[in-house]
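Residue numbers (our numbering), protein chains in the order written: chain E, 1 to 68; chain H, 1 to 469.
Bear in mind the hints are in silico, worked out from the structure with no lab data behind them. Some hints here could point you the wrong way.
Pairs of lysine to aspartate or glutamate, EDC-like flavour, derived with a Cα cap of 20 Å [stated by the list, open to error]:
| id | chain 1 | residue 1 | chain 2 | residue 2 |
| --- | --- | --- | --- | --- |
| 1 | E | Lys33 | E | Glu13 |
| 2 | E | Lys23 | H | Glu468 |
| 3 | E | Lys26 | H | Glu32 |
| 4 | E | Lys26 | H | Asp156 |
| 5 | E | Lys33 | E | Asp9 |
| 6 | H | Lys47 | H | Glu142 |
| 7 | E | Lys23 | H | Asp359 |
| 8 | H | Lys47 | H | Glu468 |
| 9 | H | Lys301 | H | Asp281 |
| 10 | E | Lys23 | H | Glu102 |
| 11 | H | Lys43 | H | Glu57 |
| 12 | E | Lys33 | H | Asp339 |
| 13 | E | Lys17 | E | Glu34 |
| 14 | H | Lys120 | H | Asp55 |
| 15 | E | Lys26 | H | Asp145 |
| 16 | E | Lys33 | H | Glu331 |
| 17 | H | Lys47 | H | Asp156 |
| 18 | E | Lys26 | E | Asp41 |
| 19 | E | Lys17 | H | Glu331 |
| 20 | E | Lys26 | H | Asp340 |
| 21 | E | Lys17 | H | Glu102 |
| 22 | E | Lys52 | H | Glu142 |
| 23 | E | Lys17 | H | Glu336 |
| 24 | E | Lys26 | H | Glu333 |
| 25 | H | Lys61 | H | Glu32 |
| 26 | E | Lys26 | H | Glu69 |
| 27 | H | Lys301 | H | Asp156 |
| 28 | E | Lys17 | H | Asp156 |
| 29 | E | Lys23 | H | Glu333 |
| 30 | E | Lys23 | H | Asp145 |
| 31 | E | Lys23 | H | Glu336 |
| 32 | H | Lys47 | H | Glu158 |
| 33 | E | Lys23 | H | Glu158 |
| 34 | H | Lys43 | H | Glu142 |
| 35 | H | Lys120 | H | Asp42 |
| 36 | H | Lys120 | H | Asp45 |
Estimated spans, in silico, between C-beta atoms of each pair [to be verified]:
| id | chain 1 | residue 1 | chain 2 | residue 2 | range |
| --- | --- | --- | --- | --- | --- |
| 37 | E | Val63 | H | Asn21 | 58 to 66 Å |
| 38 | H | Arg60 | E | Lys26 | 45 to 53 Å |
| 39 | H | Asp247 | E | Ser64 | 44 to 52 Å |
| 40 | H | Asp430 | E | Lys17 | 53 to 61 Å |
Since the structure is predicted, the reported quantities are computational estimates derived from the model, not experimental observations. C-beta atoms are modelled at their ideal positions from N, C-alpha and C, and glycine is treated no differently.
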Amino acid sequence: MTQSTSFSDAETEAFAKRYGLVKLTKDHLARMKELAPIASDLGRDLPHLNHKSDAPAPTFVVVSKAAI
Amino acid sequence: MSGSDPATASAEILTVTEASNAILSGTLSPIELLETYLDRIDKIDNKIHSFIHVDHEGARKAALLAANEIAAGRWRGPLHGLPFAVKDNYDAAGLPATANSELRIDNVPNSDAELVRRLKQAGAVLIGKLATWEYGTGNGGEYYDLPFPTARNPWDTERFPGGSSTGAGVSVAAGTTMFALGSDTTGSVRLPAAGTGTVGIIPTPGRLSLDGILPNCYSLDNPGPFTWTVEDSAIVLEATADRIAGDPQGELGFRRAIGQPVAGMRVAVVSDTGPGMSDADSELANALDQAIRVLESLGAKTTEVKLPIAPSLCFHVTSILGPAESAAIHEMELRERPDDMGYALRDKLMLGSMLRAVDYITAQRQRLAIANAIDGLMRGYDALVTFGTLHVSPRLGVEPEMTAFTKDTMLTPFNLSAHPAMVQCTGFSDAGLPLNWQIVANRGDEASIYQLASAYEVATPWRQRRPEL
């Protein structure tokens, strides 16, 4: 697995603020900083499908409760 | 069958079938049976921590009602009067449903999860709520920052039973309940079944209702029962399951499959764990080999195959789907009360918050490709057998054993492919720890799993052995 460049402290704090995670403590943010490259590596290292027509699994089927 | 003589056996080691027959014949009352379990909980649960909450009063009322109904000739079926318990992420009216989290410590739902409702309707007696990782979340570690202690493996209380349905596996193996319900997202029924030597099955998704179970990952969550025997599993599943598209007319046929001959059944065997995944422990590898020989001796036609996708890729896919969906489900807790959750849950929610939508969609695209590939393989067979876990139950708190037990498995491919899958005991290690294999069938064909697993169970002595506490 490749290793992404980590967020800086400031980038981690800015990310958390941007998404409403304002109650994370300094310890939480330090851990979030460690997790950031894991998150990006998980995405980047996931093999991509060959064809654009390879659709996602139909795991969410839209049926209104009224129709059931 | 356990082979116990109901006339002389201690009630807590009777199987569902044995106890039900004893109740019907009048040699055992639901009240006596319940008190045996409550006594056993009092005596041993401080060693294994299988329960988070025991409902003495509610269970006694339910047992009395069952006894009166049966005495009056109103027998509801094979679960009538039998004690069960559920993982603490299930709702049960009037009982705490904490999911082992400070965040839900005061949560007392006023209605039953659908599966609890169905079991009560069948006359079963709810004893209480079972231990779990917080919100069903963990990466294999032992967590000291949760409201309730870690459940311990009854085969060796210094070892971990497997998560996240820790208490469900422990309670059935140790005899603090007769059967239990857990939930599985990427192995949380089959891991503790493997660790505790119990029978754990996830059916085809859609068979068991998720209503009233705290969600963990919408696209992967699947409930499942824990029992001591295969027949018991079929009874519990039949009492709780829905019919799904493609089912033949008539009864579901899980119980009918018990004891049917397996001669001529086509069984794919996967002993290669694939690139990027550990090899199985030698004792587990030998046990798989011997279990296959047993099936062959019974006339099953086995063929060694490779999975068309690497289990390591499946683990990678679930490592995106799980955290992303959990973060979507529980984001408000992360925003409002991050300090009130344990390390493992907070870790998962923070990780999920940083995953891109693009990567989530790619993972769901991979999921369909994986399901198609496994379907293509399964089409030629009645069932597939492979490892459940690749390691035996780990020592509590010892890394990398703990994490490896949870991550090095052959479980996630079948969560992604949505095939029914059972983990069953295949013997014991030199250290006396349960070994296991996994039996997988085509969607909707749980009956083939029950057919193979029951034939194997009858042909082997593993159900005669119980943990000593």
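- Of the hints stated earlier, which fail here? When the structure is compared with the hints, numbers 2, 3, 4, 7, 9, 18, 21, 22, 26, 27, 28, 33, 34, 35, 36, 37, 39 turn out to be violated.
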